[in-house]
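Can you build the whole structure from these sequences, using the hints too?
Residue numbers (this note's numbering), protein chains in the order written: chain U, -6 to 156; chain Y, 393 to 960.
Hints may contain errors.
Below, a sample of chain U positions facing chain Y; criterion: calculated Cβ distance under 8 Å [unchecked claim]:
(1) C22
(2) I33
(3) G40
(4) S42
(5) S55
(6) P59
(7) V74
(8) L131
The set of hints was computed from the structure by calculation and includes no laboratory data. The C-beta atom is built at its ideal place from N, Cα and C for all residues, glycine as well.
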Amino acid sequence: MSRVVNVVVAGLGGQGAIKASDILADAACRAGHDVKKAEIHGMSQRGGSVTSDVRFGEKVLSPMVPRGEADFLVVLDPDQVEVNRPVLRDGGLVFGPDFVDEKTLTNRKSLNVALLGALSHHLDIPEASWLEAVRAALPERLHDVNEKAFRVGRATAARAAKP
Amino acid sequence: MEAGGQAAKSAPRQLLSGDEAVALAALDAGVALGTGYPGTPSTEILESFDALGGRAQWAPNEKVALEVGLGAAFAGARVLVTMKHVGVNVAADPLFTAAYTGVSGALVLISADDPGMASSQNEQDNRRYAVAAGLPMLEPSDSQDAYDFLVAAMALSERVKLPVMMRMTTRVCHSKTLVERRGGLPPAKAPTYERDIPARVMVPGYARPAHRKLRTRLAEVQKEHERSPLNLWKKGDPKLGIVTHGITWEHVQEAAPGASAFRVGTSWPLPVERLRQFAASVERCLVVEEGDPVLVEQLRAAGIPVEGKPEMYRFGELSVERVKRIVAGDTSPEPPPLKATPPRLCDACPYHPVYDTLRRLDCIVAGDIGCYTLGVMEPYRAMDTCVAMGASMGVGLGLRHVLPEAQARRVVSIIGDSTFVHSGINGMVEMVYNPPSTGHVVIVLDNGTTAMTGQQEHPGTGRTLDHDATGKFSIEGFARACGLQAVDVVDPVADPGGFEALLKQRLAGGQLSLIVARRPCILAAADIRKFEKVNAEKAAAGCRTCGASDEVAISSGLTVLDGRKGKA
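See below:
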């Protein structure tokens, strides 16, 4: 059985953490994986912490990522990085808000998609599936800005991965 | 991608939340009407049903929703009624007797429970309601189940002529998993009225035989549940067998992959004989259930020896980690939860000046349920009680009745617009019927939406679930009709000083008074303007199907729109 990939997306209400996890889950689904996604909405909309768990692979059981088993942690708010670090397994990777240079983004609000671009470098999901998922999740007027942000993140991760 | 193997794919699978899956199933099951009151985690069901083209509407509260649903089901329709767990408390009165009357069509009530209280005031376990009311209950574990179980519940309800409860939990409602759309149900018969007085008029003479009939029907359902494919028996290691339900089924398979396991899908009446066989087939039979020991108690009462979870796991949600601990009998302290940033009032929330005033005037604040409950947080700490929807009204009056006069005069009831319509109305009637000697001050925080649950419409907005214009309930008009002595409508943001002066005056006045602090939710304001514009255009184009009145639009500026004095 192929291993399940565990991703936790974290941020504060309104930063787009849930939108990012929706796109990730949809991209994994388009790539043919079994996918589950879990989060808590409600009170957390009011500026409180939000975390969303996405798991994909051949067969996923619980929708929640057990603590210490996340392969990747994507964080949209600088204050949420250390707080959420315990979700990671040994050797798991963090993509914090400073992973992508803000100045390279046309719109600061597309940071969530830029960090997905960074994440995408490490995942077995075709780029086409990612871009389809980005387009499906956002209104047309935001497609260009976000596709560009995705590519910026993806390129940054590719550079960072080189020795 | 996949090399051969699977034959041609059937319908494509969709990634849906449990709520969305229920809505899709309702469409495929021919549900004629969906009704409910918004409440996390149930809200998205009716919104999705509406988006899919179903007929969905918000009721002022859960009791009314169930009663509307019951009427439609008496007429032969298939009906979906949705609410959060505490909403079932509000709907409990008709629910218990609906078990006696039964239905002619089908009625499924979704109870969306919130173990761990992600967004609720308690974590009551509504599996108890199925037992108490005497209604069949099904419990899905993921979105595919949510789809399949809703169709099955609708079919069961139509077959046995009883309302059926489907209990979901936050993780089932809000988690997204893959769903394959299946067949649904054949079309229902067209609704028509068939008189059946003994079945529907629950006077004692008819209710006594109805109760007996209910128990006979439940015995039939119990037999059906013994063979139900909604219960899953996974054969594994005979040394350990786990009985489980709902989302916990997923955690169990991950935490103890080799164990034998029984997933109870028909939670009530329980398939007791199958569970007896399961328990007998394993050396150690452990029940892993989220919330109260409902399964454990029933199995033990049936003489089936099972091991329950340690008491510490009654509290909060279960997870893969916690299930591992339960299996290992580990009762050592759990690692503390990760530090979370608590929610707070939005920076531009119109309630800031209200809470600032309440804090500075040192009011004793009987609070209520909604975003505005966040007034209890720093920097205001301006809420003293919060119990249930609408409770601010009665609690404020009770405080006024018995406190020493100097304290009584500081008591204020504070309640949101949607909450007032939900069940604050009755408290206002109580206020004029049993007025405290010091009078009372009610503040309705009217932000023009049910903000907390994601900005749903309600009778006070004058728009239906899908934002079309309809009849509009007037909060201040209702207060005047009740005979309150002072009714004011103000904008607390435009003139906070004026709001404070007015509140001081009302606190000192000793009258029965209402202040409506009206200013749209900043998250909803743009949408509200859009809906108003669209509806005005429709009205101008001659669309006159609704009874929408020309209610005064949301004011800006401290306009005391109505300071008229009424008579008590």
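Cross-check of the supplied hints:
For C22/U, the shortest C-beta to C-beta distance to chain Y is roughly 5 Å, which falls under 8 Å, so the interface hint holds. Checking I33/U against chain Y: minimum C-beta separation of about 4 Å stays under 8 Å; hint holds. This hint holds: G40/U has a C-beta 5 Å from the nearest C-beta of chain Y, less than the 8 Å allowed. Annotation: S42/U was flagged as interfacial toward chain Y, and the flag holds, the nearest CB pair being 4 Å apart, inside 8 Å.
A distance limit of 8 Å between C-beta atoms decides the matter here; for S55/U the minimum to chain Y is near 5 Å, and the interface restraint holds. About 5 Å separates the beta-carbon of P59/U from the nearest beta-carbon of chain Y, less than 8 Å, and the hint is met. Because the beta carbon of V74/U sits about 12 Å from the nearest beta carbon in chain Y, more than 8 Å, this interface hint is broken. For L131/U, the interface hint is violated, since its Cβ never comes within 8 Å of a Cβ in chain Y; the closest pair sits about 16 Å apart.
Going down the numbered hints, you'll see the structure goes against 7, 8, while the others check out.
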